[in-house]
Amino acid sequence: MTTKLTNAQIAWRAAQDIEDGAYVNLGIGFPEMVARYQPPGRQAIFHTENGILNFGKAPPEGKEDWDLINAGKKAVTLNPGASFFHHADSFAMVRGGHLDVAILGAYEVAETGDLANWSTGPKGVPAVGGAMDLVHGAKRVAVITDHVTKDGRPKLVRACSLPLTGVGCVTRVYTSLAVIDIVAQRFVVREKLAAISLDELQGLTGAGLVVEGTIADLVVPEL
Amino acid sequence: MTTKLTNAQIAWRAAQDIEDGAYVNLGIGFPEMVARYQPPGRQAIFHTENGILNFGKAPPEGKEDWDLINAGKKAVTLNPGASFFHHADSFAMVRGGHLDVAILGAYEVAETGDLANWSTGPKGVPAVGGAMDLVHGAKRVAVITDHVTKDGRPKLVRACSLPLTGVGCVTRVYTSLAVIDIVAQRFVVREKLAAISLDELQGLTGAGLVVEGTIADLVVPEL
Amino acid sequence: MDKTVAGLPEAVAGIEDGMVVMIGGFGGAGAPIELIHALIDRFRATGSPKNLTVINNNAGNGRIGIAAMIDEGMVAKMVCSFPRSSDPRAFTEKYLAGAIELELVPQGTLAERIRAGGAGIPAFYTPTTYGTDLAKGKPVAEFEGRNYVQERWLKADVALIKAELADPHGNLTYRKAARNFSPLMAMAARTTIVQAAKIVPAGEIEPEHVVTPGIFVDRVVEVRDAAQEEALIRAGVEYA
Amino acid sequence: MDKTVAGLPEAVAGIEDGMVVMIGGFGGAGAPIELIHALIDRFRATGSPKNLTVINNNAGNGRIGIAAMIDEGMVAKMVCSFPRSSDPRAFTEKYLAGAIELELVPQGTLAERIRAGGAGIPAFYTPTTYGTDLAKGKPVAEFEGRNYVQERWLKADVALIKAELADPHGNLTYRKAARNFSPLMAMAARTTIVQAAKIVPAGEIEPEHVVTPGIFVDRVVEVRDAAQEEALIRAGVEYA
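Protein chains in written order, with the working numbering: chain A, 1 to 223; chain B, 1001 to 1223; chain C, 2001 to 2240; chain D, 3001 to 3240.
Isolated chain A (complex conformation) (with noise of 0.2 Å):
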């Protein structure tokens, strides 16, 4: 047994902070896994970049309607009281503040809140898509992540060493190990997994962590 969580309990545990109401946004991929987790009673209202408020499930196969889709271009169905607009006013919803959650993925997280999610580096095709916009606006900023790299090496570091998305934009982090917010350019731990000890969590992190207060445990249902 490996002692860290499932992609699908690292999103399990983001969902539990979305409030009835919200207004969020899922990054394209793991972040998207999200949505399956709502607590029971509580309905959040997904935005997709490419213009609708209130998209529901996936159809089932061979019902897909292409011109109804999400930013990463998969099929979706409506929710009522559904909207569609165009980009600019969707990207207003972003970057006017009117988003209450962000939740993104993420190669690289600093104490300073800069994240790199959008590249690994001068090689290939570049490819930005709506990342640099959604880290800006929305009221919290969260990423989903595994603690460290496939490698091993540390994702929550001092400075980001790849290109950044945005400076000083996340903050709460929610890893394969530990829920951690940052305050004031710094990783402040709120939960951790209880296997786990605080000196093997910070061997783990290219950044010094803080506790304030008590660390509660990381507790997530069996997914």
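There may be inaccurate statements among the hints.
[As the list claims (entries may be wrong)] Selected chain B positions facing chain C (in silico; Cβ < 10 Å):
{"hint": "1", "residue": "Phe1030"}
{"hint": "2", "residue": "Glu1049"}
{"hint": "3", "residue": "Asn1050"}
{"hint": "4", "residue": "Ile1052"}
{"hint": "5", "residue": "Phe1055"}
{"hint": "6", "residue": "Trp1066"}
{"hint": "7", "residue": "His1086"}
{"hint": "8", "residue": "Phe1091"}
{"hint": "9", "residue": "Val1128"}
{"hint": "10", "residue": "Thr1165"}
To be clear, the hints were calculated from the coordinates, so they are not data collected in a lab.
We treat Cβ as the ideally placed atom computed from N, Cα and C, and that holds for glycine.
Given chain A's structure and the hints, the job is docking chains B, C and D onto it.
Same frame as chain A, but now just chains B, C and D:
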């Protein structure tokens, strides 16, 4: 008999230059009269700043819908193919160069194309409305005006004495005596009433008049 | 998700002294008369809210709506393009007496500044006002050989909006030219309060026909048979 | 007032070498495949238009649409936010070979720059890209304690747009999320060319439901049963 055009005749003359299919904004008041004299067989599309394209005549008295008004807050009707839009889109049409013609009134027009039509000075309550926006963006900004003020002073001048609405924005002036283009910061006389000599016209004008080629007779119907 | 509130007093709750209030409408079209009068009622009962900055195209007409707010002494400053109307007495008196401040903004710049506030654009350049008295003190810049004036965003604490249809999510449609500034103001205010002629269940407004998506709206109150400002003016109605 | 043209060749007439062409669509939704293929047909027959700058969110997919334009060698430069797709081979090959230029623009900035072009706003400030590589060389400014990057408008000679309904005035509606960039591009191009699933008589589109007013549209051609790009990609269709 006074040798000058009536306002209706000035409006008629201005209307003759509006091409079929042109998008036109007529300033509040006297310029609105231009709509009455569209030449047969031509259809202009009228824009009003408060958010309508392709509005039509006033409704019969007692049949007004006060949610269907123009920028002068007068009740209007819709022609087939009309549309509603908000103020930012409406002024995107204005400022973005989408109108073919804007026809405005004037206190003074300078040979530089400067226009003064919003303020007669610091007294009272200032009010500007859409005037300063309208002078920018339309492909052609024309003025209709009496050639002189009520007390006989020139309205076509070297430099405006009143607060400016816009700098270098007017390209043609239809007056009670002549049709005058502004070219390279000079008043170029295109048409004048046959009953008035060029010297007389110059005497009523506060800046030098230029002649390029021949001056046509300004001929309008009885109205 | 239910943004509907029971009545007008609940709708205008929390509007405090000194706030910036955007009010939809151009002339009488789109003026949220019932919301305004509910706010006046609260002022009369409690002495608050006062010292308001009101943003609207005009500055009130007759003795109702914004004019009545001005008459009551609730308004410290107007931001508008055209502080005239068929009966601008309320504003004119206070202005000439030096009892109310005026920020005069060209109509298109007013619209664009409000949109910028809603869209997170702190400043933009426009040709409007270049070389005029209204550009005094503002930065200018040349782009592609033409001169432009830098204008700043406008935001508000509260927007009061009149819509035609609303649903519990706050999705809105408007009636004809009553749309005017309202979709922009809904974007630019921290709290957007809407009176709608009818509240319909979520899903009844066709998603393609929504003009203001619910994300821009905070509270919706149904006001059937709402008064039209212009009709009230013509009928000589006073809110006193 | 009749902006309808008889067929696709007439619709894409006058698009010349070196022009800047905005093309609507996000992924397959809203891609005006038939207009693009008509332009490719003309290029094959006449060798023109070439050296085009194409503005679109993406940079082509598979072997149809913009990807086919790139394969044909018509495109000198792409302005886009995300030059990837399920099959981005056409752009990737040319880009890695140094045979096509790329201006990478964040998606929201791309939308706002296009809107600015249509609205006569030569420059604006956005928080997007501040402190990143994509802000290099751009002016920055601080407003109310936060840093912003100055971005410039984007305009085009031509926009190619896919609409749902059109009328002879050029009033348009769109289908679902196929709306995306199209209303903005219609504003920002000198000549806006539209393929509509259906052309209806003037007055049939409810004035409240018009998304793009006709003032932004120059030519409309009816293309019934237009292909959906994503469906073509999934069916493995090639335009060759």
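These are the hints, each one checked on the structure:
1. Phe1030: violated (17 Å)
2. Glu1049: Where the cut-off is 10 Å and the nearest Cβ of chain C is about 6 Å from glutamate 1049 (chain B), the hint holds.
3. Asn1050: holds (5 Å)
4. Ile1052: Given a least distance of 6 Å, the restraint on isoleucine 1052 (chain B) holds.
5. Phe1055: holds (9 Å)
6. Trp1066: holds (4 Å)
7. His1086: Since chain C brings a Cβ to about 5 Å from histidine 1086 (chain B), closer than 10 Å, the hint holds.
8. Phe1091: holds (3 Å)
9. Val1128: holds (5 Å)
10. Thr1165: holds (7 Å)
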